[in-house]
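2 protein chains.
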Amino acid sequence: MLTNRQLQILQAIVDDFVMSAQPVGSRQLSKKEGITYSAATIRNEMADLEELGYLEKTHTSSGRVPSEKGYRFYVDHLLKPQVISTGEVAQIHSLFEKQIVEAEQIIKESANILSELTTYTTILLGPDVQKHRVKKFQIVPLTEETAVAIIVTDNGHVENRTLTLPSGFSPHDIEKMVNILNDRLVGVPLYDLPIKLQTEALSVLKSHINASESIVRSLLSITSQQNESKVYYGGKSNMLNQPEFHDLAKMRMLMDLFDKENQVQTLFNQGNHGIQIRIGSENNHLAMENCSVITASFLVGEEQQGAIAIIGPTRMDYRRVVTLLDVMTNSLSQAFFDKKH
Amino acid sequence: MLTNRQLQILQAIVDDFVMSAQPVGSRQLSKKEGITYSAATIRNEMADLEELGYLEKTHTSSGRVPSEKGYRFYVDHLLKPQVISTGEVAQIHSLFEKQIVEAEQIIKESANILSELTTYTTILLGPDVQKHRVKKFQIVPLTEETAVAIIVTDNGHVENRTLTLPSGFSPHDIEKMVNILNDRLVGVPLYDLPIKLQTEALSVLKSHINASESIVRSLLSITSQQNESKVYYGGKSNMLNQPEFHDLAKMRMLMDLFDKENQVQTLFNQGNHGIQIRIGSENNHLAMENCSVITASFLVGEEQQGAIAIIGPTRMDYRRVVTLLDVMTNSLSQAFFDKKH
DNA sequence: TATTAGCACTCCTCTTAATCGAGTGCTAAC
DNA sequence: GTTAGCACTCGATTAAGAGGAGTGCTAATA
Chain A
40 MLTNRQLQIL QAIVDDFVMS AQPVGSRQLS KKEGITYSAA TIRNEMADLE ELGYLEKTHT
100 SSGRVPSEKG YRFYVDHLLK PQVISTGEVA QIHSLFEKQI VEAEQIIKES ANILSELTTY
160 TTILLGPDVQ KHRVKKFQIV PLTEETAVAI IVTDNGHVEN RTLTLPSGFS PHDIEKMVNI
220 LNDRLVGVPL YDLPIKLQTE ALSVLKSHIN ASESIVRSLL SITSQQNESK VYYGGKSNML
280 NQPEFHDLAK MRMLMDLFDK ENQVQTLFNQ GNHGIQIRIG SENNHLAMEN CSVITASFLV
340 GEEQQGAIAI IGPTRMDYRR VVTLLDVMTN SLSQAFFDKK H
Chain B
40 MLTNRQLQIL QAIVDDFVMS AQPVGSRQLS KKEGITYSAA TIRNEMADLE ELGYLEKTHT
100 SSGRVPSEKG YRFYVDHLLK PQVISTGEVA QIHSLFEKQI VEAEQIIKES ANILSELTTY
160 TTILLGPDVQ KHRVKKFQIV PLTEETAVAI IVTDNGHVEN RTLTLPSGFS PHDIEKMVNI
220 LNDRLVGVPL YDLPIKLQTE ALSVLKSHIN ASESIVRSLL SITSQQNESK VYYGGKSNML
280 NQPEFHDLAK MRMLMDLFDK ENQVQTLFNQ GNHGIQIRIG SENNHLAMEN CSVITASFLV
340 GEEQQGAIAI IGPTRMDYRR VVTLLDVMTN SLSQAFFDKK H
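First to last, the sequence lines map onto chains A and B.
My numbering applies: residue 40 is where the first sequence begins, and numbers increase by one.
My numbering applies: residue 40 is where the second sequence begins, and numbers increase by one.
Just so you know, the hints here were simulated from the structure itself, not pulled from any lab data.
Predicted model only: the values in this text are computed from it and were never measured.
Please note: incorrect hints may appear among the correct ones.
Which copy is meant is left open, so a pair is good if it fits within one copy or across any two.
Unchecked claim - Heads up, simulated BS3-like pairs for lysine-lysine below, C-alpha to C-alpha not over 25 Å straight-line:
no., residue 1, residue 2
1, Lys170, Lys71
2, Lys299, Lys269
3, Lys108, Lys119
4, Lys299, Lys147
5, Lys215, Lys174
6, Lys299, Lys289
7, Lys269, Lys147
All chains, please: the whole structure from these sequences, using the hints.
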């Protein structure tokens, strides 16, 4: 168990290093407000904290830097919510004041504001489309051979795909088909659609309409392709400003990661609600070795609706980010709640 | 007018610098294949070319580097198509062999392949949605107060937006409204929709349905918001590998530019067909001072369908990029042509 | 007259050495 | 238990010097 003084020193080191990005030394620390011990005392405590694994040195005669374990302890035990300036809170709230708001628009702007306020990179995972339920099918013919299939979900999301009609497929056939689909499949959640299409609709379609299989196949691909929810970024280039990423190789790995949407998904620990923090190697990703990710999900009622991740260096301002994220997720949950009811 | 020998030397310098990124010296050049003059002769010619503005020195005793004017001349007069390896051509063609192809999918993958083959950054501007014509309107009610408005265009593109219904707006009202819209506005190009909505539809709607204005306003915002076509990127982080962007400040400016979709649009010189090259300051953008942009548009029949831009350092392999871009635009034009007919 | 060899000079780049300073660990005194 | 003092470490910064690729100019050459 750490003594009070050790806690205080650990906290001071993390707080200082978060701001300065420089290893913090005993003498420097002893001059800080609230620290009443001498540099020598602090040196002794630092040596102990290092032995316990909370601190590291970059070289033999450098100051101390928090280790991953140190950050973890800080985050778990020393993190106190920060008071955010009213101006910044207002900036977030202003997003939601406009009346006619498109979900996608809100999400994009949220990502931008968060990255601006934090100076880190924001990744916003939109509401999971897979959980929406089919509200309506629609097939609109374009030419003799092509048409657009449209699925509208209960949350107002629209998926669509152009498809090739089998030759001889008439507008009348299309109408019949749409009717059958709507009769049988309204209310089915998208993740269930592939199975239900086959079990509930396929045989009926086959018996009433010629060559309907190829269209069903196209419909299947709408949902299967769409199994990733949409990802929005804010402040991708903010990382370039962090001194730990002056190393171009690291930077490149990170940028490449951001470009691979499916890999980005793994950064979110889905299923967990509330705010989650993963530090450095806890992310299990080489490019994220020097990064921490703070994720939070926002909800509507019982359903999970989406998640925000803020990515910064391990030396990130956890206090501030956690608080901002809290404000933002509350606002988002509320906004989507209003939309729904 | 430049002598043959001057042309040859200018060409050799550009070709060499494009590969090495190092200023090229007279002695080094004299050893090159095809160069029969001595280093001293080359020095004299270089001095002349510099005086004419085609070459520059980085410092008094360095080798020569092409100036913007030098690149411009090279591009205008010395650029000969390069033979691309059959493997690479095959890689491009393979994209278009898969049968079921979604326009968006093709475009995304094209951007990726191009950036991979060129090692530069690719920006792909999708077909200009504004020129599509309305094929069908649809309004799908979600709850008592909300609905989704959908516009399908003749090219199979789907735009949608959730909207709030005026209180007391019945399903019957919706149906009437959709009928009126489809009667009056099918065939109207999207860019014309705002005007036509007001002139053709608004008065009829008003006289038949109560409180329909607010919905019309929402419809308007679908198209007005969508006035930028969609932008797809490939290999954003490739620029990090270019030695001229080891400077983080420059890199940051570039990344920020990429993130601003509306600014990116200005990089395309719209209206011009064929391949266009803009070198360094010709782009009129601070972040692009050290970059060249090669743009090409691909067509379907008479209509412009989209454009590709490849962004690299001014010291870019123009020869290779131009050829690759040619292969790609031809393939794209053909692919979209097939889709349409 | 056009070309080329020779040479002094420039200036970037890479090494090596020296200095500085913030920080540490340890010992001894308080 | 705390703190002052001191020798030591090591990264960062600066300075000086060597090396090398390149240039411009002059004079010799074909």
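(request) May I ask which of the numbered hints given earlier this structure violates, with the numbers listed in increasing order? (result) 1
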